[in-house]
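Colleague: Going line by line, the protein sequences match chains B and G.
Position one of the first sequence corresponds to residue 1 (our numbering), numbered consecutively onward.
Position one of the second sequence corresponds to residue 1 (our numbering), numbered consecutively onward.
Please keep in mind that the hints were generated in silico from the structure rather than gathered at the bench.
Heads up, none of these hints are tricks.
So the derived list for chain B, only partly shown, Cβ under 10 Å to chain G, looks like this:
| id | residue |
| --- | --- |
| 1 | 72 |
| 2 | 102 |
| 3 | 132 |
| 4 | 151 |
Only part of the chain B face toward chain G is listed, based on derived beta-carbon distances under 8 Å:
| id | residue |
| --- | --- |
| 5 | 70 |
| 6 | 103 |
| 7 | 104 |
| 8 | 106 |
| 9 | 133 |
| 10 | 135 |
| 11 | 136 |
| 12 | 138 |
| 13 | 147 |
| 14 | 148 |
| 15 | 149 |
| 16 | 150 |
| 17 | 157 |
| 18 | 158 |
Simulated restraints, written as ranges between beta carbons of each label pair:
| id | chain 1 | residue 1 | chain 2 | residue 2 | range |
| --- | --- | --- | --- | --- | --- |
| 19 | B | 46 | G | 333 | 39 to 49 Å |
| 20 | B | 29 | G | 333 | 43 to 53 Å |
| 21 | G | 381 | B | 90 | 51 to 61 Å |
| 22 | B | 29 | G | 5 | 29 to 39 Å |
| 23 | B | 43 | G | 46 | 54 to 64 Å |
| 24 | G | 387 | B | 250 | 51 to 61 Å |
| 25 | B | 159 | G | 114 | 21 to 31 Å |
| 26 | G | 333 | B | 234 | 52 to 62 Å |
| 27 | G | 1 | B | 143 | 31 to 41 Å |
| 28 | G | 325 | B | 90 | 30 to 40 Å |
| 29 | B | 151 | G | 191 | 29 to 39 Å |
Ideal Cβ placement from N, Cα and C applies to all residues, glycine included.
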Amino acid sequence: MSTEMKKVFSRPDSLKDVQTHFCPGCQHGTIHRLVAEAIDHFGIKDQTIGVASVGCSVFLYGYFDIDVIEAPHGRAPAVATGAKRVHPNRPVFTYQGDGDLAAIGTSEIIHTANRGELMTVIFVNNTTYGMTGGQMAPTTLPGQITSTTPYGRDVTKAGYPIKMAELLSGLDGVAYSVRVAVDTPKHVLQAGKAIRKAFETQLDGKGFAFVEVLSSCPTNWGMSPLAANERVGSEMIPYFPLGEYKDATGE
Amino acid sequence: MKQQLLTGNKAAAWGARLAAVDYIPAFPITPQTEIIETLSGWIEQQSMPGRMVIVDSEHSMLTAAGGAAATGVRVFSATSSQGLLYAMEMLYSVAGWRVPLVLVNVSRGLSAPITLEPDHNDILAARDSGFLQLHCASCQEVLDMVLIAYRLAEDHQIRLPVIVNLDGFYLSFTREPVTIPTAEMVEHFLPPFDPLSILFRADQPQSQAVAVLGGGLYSYFRYQAHLAAQAALPVYDQIATHFGELFGRHYPAVDCYRCDDAEWVLVMIGSFATKALGAVDRLREQGCAVGVVRPRVVRPFPAEALRRALRGKKGVAVIDQNLSPGQGGVLHSELLAALYNEPQRPAVVADFVGGLGGRDICDEEFFAMVSMLQDAVKRGETPAPRLMFTQHELDEVNRLHQLAQPAGGDNGH
Numbered sequence: 001m002s003t004e005m006k007k008v009f010s011r012p013d014s015l016k017d018v019q020t021h022f023c024p025g026c027q028h029g030t031i032h033r034l035v036a037e038a039i040d041h042f043g044i045k046d047q048t049i050g051v052a053s054v055g056c057s058v059f060l061y062g063y064f065d066i067d068v069i070e071a072p073h074g075r076a077p078a079v080a081t082g083a084k085r086v087h088p089n090r091p092v093f094t095y096q097g098d099g100d101l102a103a104i105g106t107s108e109i110i111h112t113a114n115r116g117e118l119m120t121v122i123f124v125n126n127t128t129y130g131m132t133g134g135q136m137a138p139t140t141l142p143g144q145i146t147s148t149t150p151y152g153r154d155v156t157k158a159g160y161p162i163k164m165a166e167l168l169s170g171l172d173g174v175a176y177s178v179r180v181a182v183d184t185p186k187h188v189l190q191a192g193k194a195i196r197k198a199f200e201t202q203l204d205g206k207g208f209a210f211v212e213v214l215s216s217c218p219t220n221w222g223m224s225p226l227a228a229n230e231r232v233g234s235e236m237i238p239y240f241p242l243g244e245y246k247d248a249t250g251e
Numbered sequence: 001m002k003q004q005l006l007t008g009n010k011a012a013a014w015g016a017r018l019a020a021v022d023y024i025p026a027f028p029i030t031p032q033t034e035i036i037e038t039l040s041g042w043i044e045q046q047s048m049p050g051r052m053v054i055v056d057s058e059h060s061m062l063t064a065a066g067g068a069a070a071t072g073v074r075v076f077s078a079t080s081s082q083g084l085l086y087a088m089e090m091l092y093s094v095a096g097w098r099v100p101l102v103l104v105n106v107s108r109g110l111s112a113p114i115t116l117e118p119d120h121n122d123i124l125a126a127r128d129s130g131f132l133q134l135h136c137a138s139c140q141e142v143l144d145m146v147l148i149a150y151r152l153a154e155d156h157q158i159r160l161p162v163i164v165n166l167d168g169f170y171l172s173f174t175r176e177p178v179t180i181p182t183a184e185m186v187e188h189f190l191p192p193f194d195p196l197s198i199l200f201r202a203d204q205p206q207s208q209a210v211a212v213l214g215g216g217l218y219s220y221f222r223y224q225a226h227l228a229a230q231a232a233l234p235v236y237d238q239i240a241t242h243f244g245e246l247f248g249r250h251y252p253a254v255d256c257y258r259c260d261d262a263e264w265v266l267v268m269i270g271s272f273a274t275k276a277l278g279a280v281d282r283l284r285e286q287g288c289a290v291g292v293v294r295p296r297v298v299r300p301f302p303a304e305a306l307r308r309a310l311r312g313k314k315g316v317a318v319i320d321q322n323l324s325p326g327q328g329g330v331l332h333s334e335l336l337a338a339l340y341n342e343p344q345r346p347a348v349v350a351d352f353v354g355g356l357g358g359r360d361i362c363d364e365e366f367f368a369m370v371s372m373l374q375d376a377v378k379r380g381e382t383p384a385p386r387l388m389f390t391q392h393e394l395d396e397v398n399r400l401h402q403l404a405q406p407a408g409g410d411n412g413h
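Please build the complete structure, drawing on both the sequences and the hints.
Modeller: This is the structure in structure tokens:
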């Protein structure tokens with residue numbers, strides 16, 4: 001019997017071997033990994049252009065070993081449009097939070113999706129402005145306590161959480177729109193598959209691909225990492241159901 | 001009246017609360033967010049009346065602010081940096097609407113590269129919008145300036161929106177003892193808003209912000225804003241005098257420190273000017289006659305007060321916490337324009353760019369600036385705008401270049 005050890009698990013090539021700034025229990029790390037695995041899977045590390053946004057994802061350029069442009073708040077899809085149109089053969093993705101994509105960047109995401117830009121958008125929804133310190137975001141759940149809604153989000157005054165995956169699925173330019181979570185091993189596997197498919201949709205020239213990833217924010221929710229992870233399943237998924245809202249990739 | 005330790009942000013929120021504002025549209029951005037968090041807490045607890053809504057962007061925020069103000073109510077909002085620039089289109093529109101709202105801007109350096117710490121390129125980008133500008137150097141001043149700003153904005157001769165500016169971090173997150181006046185005292189100074197003609201009533205239809213075609217009408221309306229902004233200087237003086245009588249705190253349009261017998265003067269805006277005070281005291285101990293001039297009102301530009309303060313001085317160093325690439329500091333240009341027709345203008349008005357992106361300015365740098373100013377006067381030559389930057393900082397940049405492009409690569413300078 002051979003005593004040779006076999007490596008079964010390693011850091012994706014597309015991720016740098018550095019410490020991140022993310023808080024304990026934050027799921028950006030997992031989502032970064034899934035995106036990096038997809039890039040490795042298709043062997044496109046040397047061609048891919050990432051577009052980072054404003055918020056906790058701002059330091060993406062420090063963690064991915066690829067070309068990255070850091071976009072102003074909400075503008076990542078417009079920056080990505082410019083990059084993709086002049087480099088149509090390079091895979092382009094944006095990585096944005098809900099304070100970015102679903103608030104100040106709503107105009108950009110809707111029109112970029114509607115033009116059917118050949119890009120992949122990773123949208124991390126944690127129902128709050130993370131880096132700014134836990135204010136109400138458009139995705140904040142009804143009744144959720146934040147630093148700007150100390151008695152909970154009152155939908156009669158502040159409106160309702162925006163369901164981006166559903167909203168974008170109504171646009172003809174969108175080829176793939178899906179919502180996933182990373183709160184359980186099963187969900188992580190499904191999320192990894194969805195992110196791969198969203199890159200494949202772009203690489204095959206089939207259209208705009210959107211992956212909404214539900215994520216925890218223990219720091220701003222005022223919860224332990226485990227309790228925050230629980231909340232994704234107990235409160236977020238019932239309001240933001242997982243699933244493919246559009247799949248026009250013809251598979 | 002009570003005294004509390006307040007951050008600049010909390011002081012701004014207190015200003016809005018005491019001004020009994022009717023409406024606050026808001027959007028979070030560092031380092032301003034504490035202002036809207038504080039106000040939303042008070043409104044939700046019902047310790048403050050008024051309505052508040054968190055909107056999708058600063059552009060929508062200022063648009064909603066202008067829209068509400070155009071119906072004749074008292075409106076407050078706050079932003080910072082990129083947010084102010086994202087709202088820039090509406091700054092011009094709202095000023096053109098001649099609605100007297102107050103906006104607090106917490107200064108922060110502009111992207112790119114992205115940063116969180118303060119300089120004045122954000123607020124100076126709003127220089128030509130028609131918003132008046134009041135710049136603060138202490139937390140007390142922030143609270144007081146919000147109240148003064150409403151009086152100024154709502155004055156019947158003015159009717160222009162006002163920005164109250166404070167520096168991110170240095171004031172926004174620094175606690176200082178702040179005297180909070182009672183609501184009764186404030187109401188004596190700032191009575192409830194009288195909207196005059198700005199009133200939407202069913203029996204008196206009116207239109208706001210209509211289109212004008214042709215440069216004549218357009219010129220007329222833009223120039224009206226200019227005349228109102230000019231009139232704001234004497235009106236500001238009256239309001240500040242009244243404020244001083246009531247509250248015992250005095251806020252002239254231009255603050256002068258140890259200037260009367262000074263030969264050399266440092267000119268700065270914002271809270272970094274307080275750093276210069278200590279340096280000036282130490283220079284004075286060594287017999288060097290230095291003073292500090294801090295314009296508090298920046299729009300309208302208090303040219304006459306500055307001429308008075310700087311007349312007959314040997315040399316002036318403007319310390320610009322902003323940079324207009326290809327020109328130098330903005331305050332320097334404005335000051336030169338104000339001094340050109342002054343027969344006893346200082347021989348040298350030098351420009352130093354410091355404090356960009358929150359970079360500190362230390363005593364030794366103030367000493368060095370005064371010494372360079374003295375040399376320049378001796379040589380009779382005004383030096384080119386100069387960036388405050390140390391060898392240590394350059395070494396750090398070079399170290400980063402090495403990391404980014406190891407030996408052999410072109411390190412770009």
